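S.K.: The primary structure of each chain is shown beneath.
Protein chains: 4
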Amino acid sequence: MRIGLLTSGGDCPGLNAVIRSAVLHGIKSYGDEFVGFRDGWRGLIEADYMELSRHNVRGLSRVGGTILGTSRTHPYNYPGGGPQNMAKQLKRHDIDAVVVLGGEGTLAGAKRLTNAGLPMVGVPKTIDNDLNATDFTFGFDTAISIATDAMDRLRTTGESHHRCMVAEVMGRHAGWIALHSGMAAGAHAVLIPEKRVSMDQVCEWVEQVHSRGRSPLVVVAEGFIPDGAEEALAEKGEEASGRPRLGGIGEWVTAQIEELTGIETRNTTLGHIQRGGNPTGYDRVLATRFGIKALNLVHEQAWGRMVSLRGTDIVEVDLNAALEGLKTVPAERYEEAKVLFGR
Amino acid sequence: MRIGLLTSGGDCPGLNAVIRSAVLHGIKSYGDEFVGFRDGWRGLIEADYMELSRHNVRGLSRVGGTILGTSRTHPYNYPGGGPQNMAKQLKRHDIDAVVVLGGEGTLAGAKRLTNAGLPMVGVPKTIDNDLNATDFTFGFDTAISIATDAMDRLRTTGESHHRCMVAEVMGRHAGWIALHSGMAAGAHAVLIPEKRVSMDQVCEWVEQVHSRGRSPLVVVAEGFIPDGAEEALAEKGEEASGRPRLGGIGEWVTAQIEELTGIETRNTTLGHIQRGGNPTGYDRVLATRFGIKALNLVHEQAWGRMVSLRGTDIVEVDLNAALEGLKTVPAERYEEAKVLFGR
Amino acid sequence: MRIGLLTSGGDCPGLNAVIRSAVLHGIKSYGDEFVGFRDGWRGLIEADYMELSRHNVRGLSRVGGTILGTSRTHPYNYPGGGPQNMAKQLKRHDIDAVVVLGGEGTLAGAKRLTNAGLPMVGVPKTIDNDLNATDFTFGFDTAISIATDAMDRLRTTGESHHRCMVAEVMGRHAGWIALHSGMAAGAHAVLIPEKRVSMDQVCEWVEQVHSRGRSPLVVVAEGFIPDGAEEALAEKGEEASGRPRLGGIGEWVTAQIEELTGIETRNTTLGHIQRGGNPTGYDRVLATRFGIKALNLVHEQAWGRMVSLRGTDIVEVDLNAALEGLKTVPAERYEEAKVLFGR
Amino acid sequence: MRIGLLTSGGDCPGLNAVIRSAVLHGIKSYGDEFVGFRDGWRGLIEADYMELSRHNVRGLSRVGGTILGTSRTHPYNYPGGGPQNMAKQLKRHDIDAVVVLGGEGTLAGAKRLTNAGLPMVGVPKTIDNDLNATDFTFGFDTAISIATDAMDRLRTTGESHHRCMVAEVMGRHAGWIALHSGMAAGAHAVLIPEKRVSMDQVCEWVEQVHSRGRSPLVVVAEGFIPDGAEEALAEKGEEASGRPRLGGIGEWVTAQIEELTGIETRNTTLGHIQRGGNPTGYDRVLATRFGIKALNLVHEQAWGRMVSLRGTDIVEVDLNAALEGLKTVPAERYEEAKVLFGR
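Residue numbers (the numbering used here), protein chains in the order written: chain A, 5 to 347; chain B, 5 to 347; chain C, 5 to 347; chain D, 5 to 347.
No lab work stands behind these hints: they were computed from the structure.
Note that the coordinates shown come from a computational prediction; the quantities given were computed from them, not determined experimentally.
Please note that a few of the clues may not be correct.
Since the list gives no way to pick out one identical chain from another, each pair is judged satisfied if it fits inside one copy or across any two copies.
Capping the alpha-carbon separation at 20 Å, the derived lysine to aspartate or glutamate pairs in DMTMM-like fashion look like this [to be verified]:
no.	residue 1	residue 2
1	Lys342	Glu208
2	Lys92	Glu55
3	Lys342	Asp204
4	Lys95	Glu50
5	Lys32	Glu339
The shape of chain A in the complex, shown without the other chains:
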């Protein structure tokens, strides 16, 4: 077979490892040929692609980012998009199937396109770990690793200066990165989108820790909304959602803690470093297994299906499974972490 691959949406450590294992497995086990579409759906729509040989994917399991490039191009709305045009392009370029690597939106597009007859299988990608369809996705563990390392550093400088340190991490709708990295780093408070907490409560935790002579560490997901702060924020001209925009929630929480407790407090927004760089061993293994399985799905012509991790098994599920709502942090996981807050 001649198989196309594309990566769409935000980049994620492990994308290249999926590409590599799918290509190597296909060449060796089935004699397949591969092409890589550039910059997500755009490359497919415009037939902008590169041939992917064994040489092209050499050493890729340890390389972050995606050699294919990525974009947020919409598969239907982009000029020349939609199933008829895409089917023509695939036919014209002798491409028999497409492996689509992407998040919720991308997979929704792939589902719609397979319903319209296109031969596609999916590989879930979300650095925030917020897809219900799979226990974990690659990239998440790397983000945890980077965030934990950064917080270890913040703690030594915080302790030396008797400061409260705030770390803002990714997580717009789900607090998994904050929850895991915060637990790993021994944070004294973890603030996530799923759980409104008042700044009074946060400050109580901070003061408990500070009064014992220690440096409090507060981890804030970018999507956190403090309880009771909606109006105050609105007055300051923030967006209606009550979520502060200017400078981010990390800076807002930092200013609040300093104002309410009088404790010197510093914010660090980890930002783009969380999704870059070499994937961890965990993510490379997961991505490599996803790539092998995705290629098998192609040869089973399991269009509209995607790969997924369940326990320690790589299984297949329907692409619809990726679209059934976000996987947010359940109350019991938050309560579990909370037993270590404050004090």
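Could you slot chains B, C and D onto chain A? The hints should help.
M.R.: Using the frame of chain A, we list chains B, C and D on its own:
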């Protein structure tokens, strides 16, 4: 309650994180007191312990090893051991329960002791990931991370010199570390105790890679036995099992590859660095959750039970579950990895 | 002798390694006793200190921050400060000498105090590497290591999205961190306080790189002032110096690049992670050698002297040497780096 | 100009960074063309080379090893070697100058060839840091970083088991890696080729540390020869030098410590991981500066000269400077480190 903790058997990154979260959770949620027995069962038998305050466990989530020390002391055979003596010691020192962190042997001891009436719960520990009772244990991910990093390094030096590089990793009875780190590093052959492979097959893989101008990487678990080499090894005065002893299997495989293929080949035995140092974020989260759950089991007086990871959930199982045979690499997992060997 | 140690000013990886080697050397070679003053000059002024035994400094060579705590307390202006009061405290607590670890301001204080008769020696500390008195100081290499690692990550995500990535690093008055980490990471522009560069020039470099299909990386020291932007910035209500304040120079440069070139551009401000965490091997060696030498200076009663690195030698210089102006990046070093900008 | 590059001898992190900066600087500043000879002198002798464009060296500052390959081919003795043949090859392929990256032997060859009229400049390379001609060479800092990290790991597992840990590191003739990594890791003994120490002395240090309840760490350079052990080793059939061969000096020292002290002792031979993988920021900066300077030397037609680090300056020296004996650890540096041994 007044609760004792002990760590037994080989050390493992994450032991301290278990100790920390159990102690912090107990102090904060239940007002417990804690003691730490020194050097495994010996500390319990001889009542050699330290009080564990909040201060003692500060910052431990990121510290490798075990602050309690560990040993291979047998709980029955060591002088002063056995349930009656232990029960006396616990009573004399007002200790209401014991959390036992250890591998198969240690947990078997704990099971036998709880059958004899002692109040104990277990936390599984095996860096080799070879316990059936749980999907993963802490320490394994750290070992993968260290081994993967080392193999990344071996590859750059191998490529520069056009050599074949061999890496010997831990795994006496189960090849999980070799399988995962080998897959993560893009190894061209992974040799594990569960699967006899002939040196002819290994050399074929090595030569395929070398003939494409690349540097082959072969990962060998310490318990691997080459197919058909039993007699040859026995003649050289090796142990009856056919497993080479002097210098380890890594060196033996290296010498064989060099002799059979003529390709310059170098061995590196990773050894003790695999189990030392700071745990990864993944292991810290797992260990912290295990500690919290273990403490809950104590308060439920769930003697003879242990904590376990199933999918993404921390559950409890009977200590017997840890004793039902080793979790070895199943054939399908080996076959999955094998699609990327050679070429 | 009975010797006091204090750390003053911003924290820096390696402070603990200095403390450890001075204490271990003193105990073993001279039978000294040690105390550690808490939080810089405050601890000396208020006689707030801890005894430092061999046990207290155990394992400290690899631990970031300072176990003594630090502050910006002024040695003369703080209530109870000044040479007479300090001399009294030293006498009352039987302390024969003080080793002062700090930056330019701290060392100026130490010089003034030794002129007034106090028995003090200095250890230079500046994470920015901006002290003339020494080739390098500990902490700088760790900052380079962290910044380089972060930029490696930024590059993979930048390449995947075809973005321009901006990284803001420390360096208020001297651009050493930007220069070294930028050179290490292969940056396409490095903007430092010592060299005014116009945004037009920066955009030219960015566009050269982008036009070759690559992701430009721009490294900005926090003290950089763009050439010709003073008025524009002043109009926007920035501070008189022309240096943008809100959100930092990194965000300002990012916005400018995006506006002037139309290339999607993202900023990451590395912030506090640059000065935290375990020191590199390089910094541990330098700090350990500084501590040994500082202790020797004490026993030579070389009051008013400080330790310094010259080439590969640890030498002693007068504390005045630390006060003779900042060590900024010389023009030839900037020109050397510049040959790799753009394209 | 059209300039050739070659890397010869053992690989070293930073070689690629030299190649990259020389090529980029030459293309941009002088409009040069570049070729890379494959596998050291062999590539020059056999005119086996690749063109090196801007694209070929992209991203190389952070990549270990050498993209050119390396070998120990002798420039005179290899068939087709010697100045006449080389001059012909250079002429035939329009190559105006050669930049030679290598250690003592390689640079001696380059010197002899320049004396015979060939247009060559040198870049010193030794991971052991044993060249007199320069303060430091790239690769050494990376080796220190890897060794220090490994020793940090050994210490946590050593402490948990109350064992003595031995780490064998590179250093056949000079103990710089042992000295620096041992000092960085807080080793209790550092054994180097330059200083004979008796096993009784080593055991005394080990016992001092063990008796205080700590885990001793002993760092051994591969070229260390224990004082008084020459005969004992000779009796066991070792080589005349008295240096144990089988299993390496690390294993021999380990066995001796265990036998003489009764303390459980474990060896780890770091081996090939010390010279592989991504260079540190320090090494990338040094290598990048070396490459820029080497290219300048070419344009100054400074044949027979090489680049060198003196303090913080990159200077040029005669290739002879690299041949004036090894830079071994001077007695005062050993004594400086020794104040922290034992106890």
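S.K.: What hints, given by number in increasing order, does this structure fail?
M.R.: Hint check: nothing fails, all pass.
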